[in-house]
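Participant: Now for the letters of each chain:
There are 2 protein chains.
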Amino acid sequence: MAADRFAARRQKLLHGLKGTGADALLVTNFTNVTYLTGFSGDDSFLLVSKAATVLISDGRYTTQIGKECPGLDRCIRSQKESTIAATAGVICQARVQKLGVESESLTVAEHEKLAAALKSQTLIPVAGAVEELRLIKDAEELVEIRKAVRQAEKGFEVLRAELRGELSELEVANNLEYSMRQFGARGASFPPIIAVGARAALPHARPTSCRISEADFVLIDWGASATSGYKSDLTRVLVTGKISPKLEKLYRVVLNAQLAGIAAIRLGVRCCDVDAAARRVVDEAGFGKHFNHGLGHGVGLDIHEGLRFNAVSTEELKPGMIMTVEPGVYFEGWGGVRIEDDVLVTRTGCEVLTSTPKEFEQSIIQ
Amino acid sequence: MAADRFAARRQKLLHGLKGTGADALLVTNFTNVTYLTGFSGDDSFLLVSKAATVLISDGRYTTQIGKECPGLDRCIRSQKESTIAATAGVICQARVQKLGVESESLTVAEHEKLAAALKSQTLIPVAGAVEELRLIKDAEELVEIRKAVRQAEKGFEVLRAELRGELSELEVANNLEYSMRQFGARGASFPPIIAVGARAALPHARPTSCRISEADFVLIDWGASATSGYKSDLTRVLVTGKISPKLEKLYRVVLNAQLAGIAAIRLGVRCCDVDAAARRVVDEAGFGKHFNHGLGHGVGLDIHEGLRFNAVSTEELKPGMIMTVEPGVYFEGWGGVRIEDDVLVTRTGCEVLTSTPKEFEQSIIQ
Numbered sequence: 047m048a049a050d051r052f053a054a055r056r057q058k059l060l061h062g063l064k065g066t067g068a069d070a071l072l073v074t075n076f077t078n079v080t081y082l083t084g085f086s087g088d089d090s091f092l093l094v095s096k097a098a099t100v101l102i103s104d105g106r107y108t109t110q111i112g113k114e115c116p117g118l119d120r121c122i123r124s125q126k127e128s129t130i131a132a133t134a135g136v137i138c139q140a141r142v143q144k145l146g147v148e149s150e151s152l153t154v155a156e157h158e159k160l161a162a163a164l165k166s167q168t169l170i171p172v173a174g175a176v177e178e179l180r181l182i183k184d185a186e187e188l189v190e191i192r193k194a195v196r197q198a199e200k201g202f203e204v205l206r207a208e209l210r211g212e213l214s215e216l217e218v219a220n221n222l223e224y225s226m227r228q229f230g231a232r233g234a235s236f237p238p239i240i241a242v243g244a245r246a247a248l249p250h251a252r253p254t255s256c257r258i259s260e261a262d263f264v265l266i267d268w269g270a271s272a273t274s275g276y277k278s279d280l281t282r283v284l285v286t287g288k289i290s291p292k293l294e295k296l297y298r299v300v301l302n303a304q305l306a307g308i309a310a311i312r313l314g315v316r317c318c319d320v321d322a323a324a325r326r327v328v329d330e331a332g333f334g335k336h337f338n339h340g341l342g343h344g345v346g347l348d349i350h351e352g353l354r355f356n357a358v359s360t361e362e363l364k365p366g367m368i369m370t371v372e373p374g375v376y377f378e379g380w381g382g383v384r385i386e387d388d389v390l391v392t393r394t395g396c397e398v399l400t401s402t403p404k405e406f407e408q409s410i411i412q
Numbered sequence: 047m048a049a050d051r052f053a054a055r056r057q058k059l060l061h062g063l064k065g066t067g068a069d070a071l072l073v074t075n076f077t078n079v080t081y082l083t084g085f086s087g088d089d090s091f092l093l094v095s096k097a098a099t100v101l102i103s104d105g106r107y108t109t110q111i112g113k114e115c116p117g118l119d120r121c122i123r124s125q126k127e128s129t130i131a132a133t134a135g136v137i138c139q140a141r142v143q144k145l146g147v148e149s150e151s152l153t154v155a156e157h158e159k160l161a162a163a164l165k166s167q168t169l170i171p172v173a174g175a176v177e178e179l180r181l182i183k184d185a186e187e188l189v190e191i192r193k194a195v196r197q198a199e200k201g202f203e204v205l206r207a208e209l210r211g212e213l214s215e216l217e218v219a220n221n222l223e224y225s226m227r228q229f230g231a232r233g234a235s236f237p238p239i240i241a242v243g244a245r246a247a248l249p250h251a252r253p254t255s256c257r258i259s260e261a262d263f264v265l266i267d268w269g270a271s272a273t274s275g276y277k278s279d280l281t282r283v284l285v286t287g288k289i290s291p292k293l294e295k296l297y298r299v300v301l302n303a304q305l306a307g308i309a310a311i312r313l314g315v316r317c318c319d320v321d322a323a324a325r326r327v328v329d330e331a332g333f334g335k336h337f338n339h340g341l342g343h344g345v346g347l348d349i350h351e352g353l354r355f356n357a358v359s360t361e362e363l364k365p366g367m368i369m370t371v372e373p374g375v376y377f378e379g380w381g382g383v384r385i386e387d388d389v390l391v392t393r394t395g396c397e398v399l400t401s402t403p404k405e406f407e408q409s410i411i412q
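Sequence lines, in order, name chains R and V.
Per our numbering, the first sequence starts with residue 47, numbered consecutively.
Per our numbering, the second sequence starts with residue 47, numbered consecutively.
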């Protein structure tokens with residue numbers, strides 16, 4: 047069953063290659079290799095051609111490949127052979143002539159070495175062929191992302207229940223990742239951002255020894271990675287002290303912007319229009335220049351993948367896409383508010399996959 | 047002080063570029079950017095030329111760059127501008143003509159876009175220029191790696207003290223990472239391998255729900271990443287049940303091989319000769335073909351960096367290099383033994399940075 051699913055993806059990939067001039071693709075992005083085979087290791091390439099599909103790996107992974115990819119042809123290189131040399135051998139044996147290479151993954155040096163090892167073949171740079179397939183999540187992928195959402199949300203429930211003033215950002219982050227793993231996550235989908243007060247103005251703040259009690263609110267941006275590698279991504283702000291009018295005002299603006307963004311999501315809508323729908327709310331409240339990043343991004347095996355909600359993307363939404371919606375408003379020295387959910391585009395509109403409460407009243411810790 | 051250190055590294059880099067034909071280097075490997083600036087974020091490039099050093103980043107990082115890299119010139123691209131477009135602008139402004147690019151990091155697609163954006167400049171692929179500098183750790187780096195070693199070893203002490211039969215590999219891994227963070231680590235330097243019994247034969251085993259009590263020993267391969275990003279990497283086997291003669295025999299062979307490898311480490315020795323010194327012990331015990339990987343690798347900001355101890359590397363050791371020494375012997379279906387320490391090459395020999403006990407008797411949990 048599972049093997050069939052991966053084979054079907056590879057069939058689609060070959061179909062998508064028509065028009066590129068390539069009759070095979072060397073997949074060098076490890077996440078794309080996982081997507082096409084179910085193999086969860088690193089350092090391995092995959093050749094996909096009409097005649098042959100071969101995973102090129104090394105001895106550390108022999109047993110794992112047998113378990114994860116039953117029936118898949120493999121070339122286990124020896125310790126003395128480089129991956130590129132082994133790959134060149136596989137390509138020659140498969141009689142590939144026009145080899146597509148993943149131009150967004152293959153480095154200039156790898157390209158050079160591969161070209162030198164292959165005498166008669168032509169290398170054709172191909173961009174985004176596997177990523178194009180990954181845009182639309184199938185039923186199994188959706189199951190995995192729902193798992194990652196649940197692991198993240200269960201972890202957050204524990205965080206919320208345990209939160210107290212003397213905990214540092216570092217301790218909260220550590221506890222959160224620990225809890226998500228207890229609920230079955232492989233780990234956090236990215237290092238959690240736990241940003242107290244003014245630190246919430248740093249969109250990529252690293253946790254510090256700053257304590258929760260040092261300000262009136264804390265921004266938490268986190269997610270889980272399921273064991274399959276599929277990821278979730280959320281943000282909430284919790285009010286841990288005095289409820290300032292400024293915080294409440296910004297919170298309501300950001301939440302309204304987020305709801306407006308979500309309301310704009312349906313098939314056929316352009317990404318820039320979803321971004322604009324949310325941005326308009328922030329602009330009208332007078333905080334436009336304090337919303338200094340895009341509205342969201344695709345999420346799946348990578349925490350950032352596929353489309354972007356921003357001012358310039360004219361790509362259109364399709365059913366099966368999963369996007370974050372995460373407007374934010376920031377003031378240096380004061381802090382910021384961001385609210386983020388994961389949203390599935392459906393045939394009739396969209397479904398918000400995350401359900402952690404986000405009303406202002408619900409963000410207040412008594 | 048710190049800024050001076052990074053400036054000195056960039057000076058060395060420029061010096062090292064002589065002979066490549068390039069008069070500047072575009073640093074696109076994010077770890078190399080960190081090494082040369084102290085900036086700990088992602089998605090940013092660095093131009094290093096005689097006339098100018100410019101960090102090309104985006105609005106998420108403005109405040110962080112100000113704190114981490116005081117005095118460093120920066121170009122914060124707008125939301126509508128791509129990193130490549132912003133980079134091209136910086137290169138033109140710096141009047142670079144022969145631009146070195148990191149060929150082991152820049153992708154084929156990025157190279158294509160950069161070449162298209164730059165009309166009159168020549169792009170020169172340069173391999174390993176920053177990595178060459180990173181081979182030799184300076185005093186500050188050594189301090190950081192010692193921290194990462196201590197965090198890993200303190201975490202392991204907790205693991206050892208808490209170990210009991212009903213814990214699963216997943217729980218042990220989660221507890222270990224939690225403990226290392228409590229001792230100040232940013233996190234694990236890689237997902238810890240906790241492999242019970244037969245699973246120890248998989249060099250890259252992922253933790254499962256298998257319980258410690260399901261076999262007589264467990265292999266633990268772990269490390270910490272200090273907040274600076276510097277890493278440690280260790281492996282120990284703990285005997286948790288019956289002491290089988292086979293386990294004891296293999297353990298002693300692997301330990302002797304490891305000690306022989308460490309004894310061979312001194313400046314001027316070739317990497318392949320260190321590998322051979324350890325492998326000889328395993329070969330003579332009759333287990334040669336069960337030692338199916340290299341003896342070790344450099345460690346620093348990346349968990350695998352720099353040199354490799356293997357059969358083919360003729361590179362010579364120099365003072366300031368830090369290498370793992372980790373022979374292993376594996377039997378599919380039975381399990382395996384690997385013992386790993388981190389070793390600094392010194393002017394007079396070497397120093398083992400790790401001190402977690404490794405005698406067979408010390409590996410037995412009563």
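Note that these hints are calculated values from the structure, not bench results.
Keep in mind that this is a model prediction, so the values were computed, not measured.
Warning: the hint list may mix true and false statements.
Same chains, same label: a pair holds when it works inside one copy or across any pair of copies.
[Claimed, not checked] Here are the simulated DSSO-like pairs of lysine-lysine, each with C-alpha atoms no more than 27 Å apart in a straight line: (1) Lys-335 - Lys-126; (2) Lys-64 - Lys-96; (3) Lys-126 - Lys-193; (4) Lys-96 - Lys-193.
Participant: For every hint, state whether the structure bears it out.
Facilitator: Results of checking the hints against the structure:
1. Proximity of Lys-335 and Lys-126 under a CA criterion of 27 Å is satisfied inter-copy only: 14 Å between copies versus 56 Å inside one chain copy.
2. Within a single copy, Lys-64 and Lys-96 get their C-alpha atoms as close as 12 Å, which meets the 27 Å cut-off; across copies the closest is 47 Å, which misses it.
3. Taking CA atoms no more than 27 Å apart as the test, Lys-126 paired with Lys-193 passes in neither setting, with 41 Å inside one copy and 34 Å between copies.
4. Proximity of Lys-96 to Lys-193 under the C-alpha cut-off of 27 Å is found in neither arrangement, the shortest distances being 34 Å within a copy and 51 Å between copies.
Checked against the numbered hints above, the structure violates hints 3, 4; every other hint is satisfied.
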